[in-house]
Amino acid sequence: MGSNTTETHPVLGYRMKMAKKKGASLIVADPRKIELADHADVFLQLRPGTNEALINGIINVIIEERLSDDQFIAERTEGYEEMAAAVKKYTPEYVEGITGVAAGDIRKAARLYAGAESAGIYYTMGITQHTNGTNTVMAIANLAMVTGNMGKPSSGINPLRGQNNVQGACDMGGLPVVFTGYQRVDNEAALSKFEKAWGVKLNSRPGLTVTEIMDGILNGEIKALYVMGENPALSDANIHHVMEALEKVEFLVVQDIFLTETAAKADVVLPAAAFAEKVGTFSNTERRVQMVRKAVNAPGEAKADWLILQELANKLGMEWHYEGPDHIFQEIAQLTPAYAGISYQRLEQEGGLQWPCPSADHPGTLYLHEGQFSRGKGLFTPVEYLPPAEETDQEYPLVLTTGRNLYHYHTGSMTRQSKPLNAFKPEEFAQISREDADRLGIKNGDLVKVSSRRGEVEVKADVTEVVPTGVIFMTFHYHEVPVNVLTNNQVDPIAKIPELKVCAVKLEKVG
Amino acid sequence: MVSLTINGQSVEVEPEATILQAAEKLGIFIPTFCYDPELTLVGACRMCVVEVEKARALMASCCTPVMDGMVVHTESERVIAARKENLNLLIANHPLDCLTCEKTGACRLQDYCYQYGISESDYHGDKKDYELDDTNPFFIRNMNKCILCGLCVRTCHEINGAGAVEFMNRGFDSKVTAAFDDPLENSSCVFCGMCVDACPVGALTPKHGIGKGRPWELKRVKTVCPYCGTGCGLELYVKGNTVVGAKGDVTSPASRGQTCVKGRFGFDFLQSPERLKSPLIRKNGELVESSWDEALDLIAKKFKEVKGTELAGLASARVTNEENYLFQKLLRSLGSNNVDHCARL
Ligand code: SF4
Ligand code: SF4
Ligand code: SF4
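Protein chains in written order, with the numbering used here: chain A, 1 to 511; chain B, 1001 to 1345.
Each hint should be verified, as a subset may be incorrect.
Heads up, simulated DSSO-like pairs for lysine-lysine below, C-alpha to C-alpha not over 27 Å straight-line [what the hints assert, rightly or not]:
| no. | chain 1 | residue 1 | chain 2 | residue 2 |
| --- | --- | --- | --- | --- |
| 1 | B | 1103 | B | 1127 |
| 2 | A | 315 | B | 1277 |
| 3 | B | 1302 | B | 1283 |
| 4 | B | 1127 | A | 419 |
In silico negatives: residues of chain B with every beta carbon more than 10 Å from chain A [unchecked claim]:
| no. | residue |
| --- | --- |
| 5 | 1012 |
| 6 | 1025 |
| 7 | 1115 |
| 8 | 1117 |
| 9 | 1205 |
Calculated from the structure, these hints are not laboratory results. Model, not experiment: these values are computed from the prediction. Glycine included, every Cβ here is placed at the ideal spot set by N, Cα and C.
Full structure from sequences and hints, please.
Take a look at the structure:
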């Protein structure tokens, strides 16, 4: 659902196709006719931004047709009644009106999902990059719980992590509200534990998110910004806003392996070592902690990020004396219950461990929520469908949705520097449906202008069956065509994720 | 359990095991071309034949199940003669340009010819004369070197699912091709490179490594792919201070040797001339090179000038756990919880 797995997580995509061959059923929900759709038993081609309506519709069928796992609901969850009442009006016919998916297909999907012995849900940014993304995630949880598809093998809810170490960055406290292992900064016990371990006084007020940091710079609240290995100038919604912030901030430090669009704005740029030039660990989307090893030396004077951080900390009078990544990891394990049982020695011997791994003799955890949810009982949350923040109108009649292609990665800072990858996919093409193309007299390869209320870009057209009429798709890999000058930085009120997946645009042929 | 004897040594294995697996358990090596434990068995190449007492014909050990009391010989005269004949036929129409072939040193055809003392063929068959397919930037297909083991075809269908390559024709003319015998570029190929890693000979050659080192000169380093969150294990091939190749790490619990085009072919950004090599400080509007000391002193001075809450930092979904840990420790120690990263994007 909302995951073009064969392009964004190719190896997981192979596994899905393999499972399908071995007899598993596949339901694909996506606005685009992606490769997996060809393999699907049911393909739900929904309008962009209508995920929760679709999920509510599926739950509605499951309840109406008594396909739910009542024992699981009774024993392991609470709040069922409220949720059931909320989905009542989402009949397949009503949902068809919102999503454009035929009522019959919604029923078919519901029966397949609920009828399976175990069923997993996989999603990515197609779900979260919406103003109502958090609600959609809750709707997904409702769906999994209603059918008891939690806490057993090959089931559950599996958000696929886009970047190699997003999971690790979150686990390590790269978030405004938590220390490592999701221990909250405003929790007194956690705060004093970290104060003691680090020997400093800490702030108990949760900090700002990326989007709030950018706003904070513009309203003068934030004066200095330190960016390590990120390129918000290209990846953030509404680039103009971010660029303005990067220009305005009084002091900007960027630490990276290339002079990215963000680094070009910096006051100080620090050269970092890349993955093959240092030792450490990454945590993948399955929560598996794995060793990263050094193959070559970093070029010139570039240094591993941990070394740079240590030298800077010492200049700031902190007296850090880490002998190496192993030493740092030991400190992480001491302070983080979920990582407590993991050590470099075990990773060398066992080749990777999935957290929670609370003790040295614990084998790691294949799947979460077995027998009990982290919060005790699973809570159903009633979810209502809300239309996307920006709707199409006469001036901007088309919907733009964004994502990735197989050959590039994120803002392209690495893949665009790879000769074979860049030679194969050197430029951006906007996917445009045949109907829209015909209407506007656009042919394959024509230069077109895509504009939104925030900006415009010129790009070549790829006229294709992949996108439905009324929808345009572009990637954010190419700095020549910075699609995020178009996108909407309206955020989800809870997760603060901008609505990158839906914005209203117009299309014109150039020349 | 079933017990049998191989080359005079007895071994116990599960009843569904094959002779090849039983031999592996004893550490007895049996040559194979078309066998891969992750793929369906075809028993086509006949390289793995062994002699089973009381059986008339030689048996393909990769697909013959064990039986209790079986007595097996893996290097008997009959077996050796059959393997030699097999190799003899294979090299009859194989271009023997091993001097410049990229596969030299890691080629199973070469290894087995060496093992059984075959330097040239007794047959003088027609050589194949197919055009090279080198239109894509990732690897070259030279079907003149193909021994038709089918590993690439099965890998592409069974592991990847792309189904980009197939057998075409029969007999001498049989060949592995993409749809319509067109270059791979026009097929459903997604350039995962897994067929390249599977090929036992030099028919599929990655372009980036050409002329950059022989297999025995290369150091192998196991690590994790720097791209998506699947976290596939990679084995990097290193010569001197350069990564010259990569391949899926079959021991990785996350990926069991599988890769996609980015992990398999996308590591050369490491050597890009655009890499940052020295700290830079903005002076009069221009970024100019500086020493580490000067750069870090400046940052420390500026960070001390602002209040903790006026400082913000973006950690990274690309760097290691250890580094993200230190990053938030640094920021929080300075009094700022304004730490986030692009997980939301
Ligand atoms: S590179 Fe991958 S997709 Fe292409 S032919 Fe080989 S196995 Fe198939
Ligand atoms: S190309 Fe290689 S893997 Fe494929 S059939 Fe020929 S020899 Fe086997
Ligand atoms: S090899 Fe491909 S699928 Fe595997 S981690 Fe790298 S980018 Fe992801």
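(message) Would the non-interface assignment of residue 1115 of chain B survive a Cβ cutoff of 10 Å against chain A?
(response) holds (31 Å)
(request) Measuring Cβ to Cβ, find out whether residue 1205 of chain B lies farther than 10 Å from everything in chain A. (result) It holds; residue 1205 of chain B is separated from chain A by about 13 Å at its closest Cβ, greater than 10 Å.
(request) Would you check whether the claim that residue 1117 of chain B is not at the interface survives, using Cβ distances to chain A and the 10 Å cut-off? (result) Its Cβ never comes within 10 Å of chain A, the nearest being 37 Å, so this holds.
(request) Take the C-alpha atoms of residue 1103 of chain B and residue 1127 of chain B, compute the straight-line distance between them, and say whether it is at most 27 Å. (result) holds (19 Å)
(request) Quickly compare the C-alpha distance for residue 1127 of chain B and residue 419 of chain A to 27 Å and report which way the hint goes. (result) Roughly 34 Å between the alpha carbons, so the hint for residue 1127 of chain B and residue 419 of chain A is violated.
(message) Confirm or reject: residue 1025 of chain B is not an interface residue toward chain A, with every Cβ-Cβ distance exceeding 10 Å.
(response) Correct as stated: the minimum Cβ-Cβ distance to chain A is 21 Å, above 10 Å.
(request) Compare the distance between the alpha carbons of residue 315 of chain A and residue 1277 of chain B with 27 Å, and conclude whether the hinted pair is satisfied. (result) Satisfied, since the Cα-Cα distance of roughly 21 Å is no more than 27 Å.
(message) Hinted pair, alpha-carbon criterion (27 Å max): residue 1302 of chain B, residue 1283 of chain B. Please report holds or violated.
(response) holds (15 Å)
(request) Hey, is residue 1012 of chain B genuinely clear of chain A, shortest beta carbon separation above 10 Å? (result) holds (27 Å)
Consistency note: the structure conflicts with earlier hint 4 alone.
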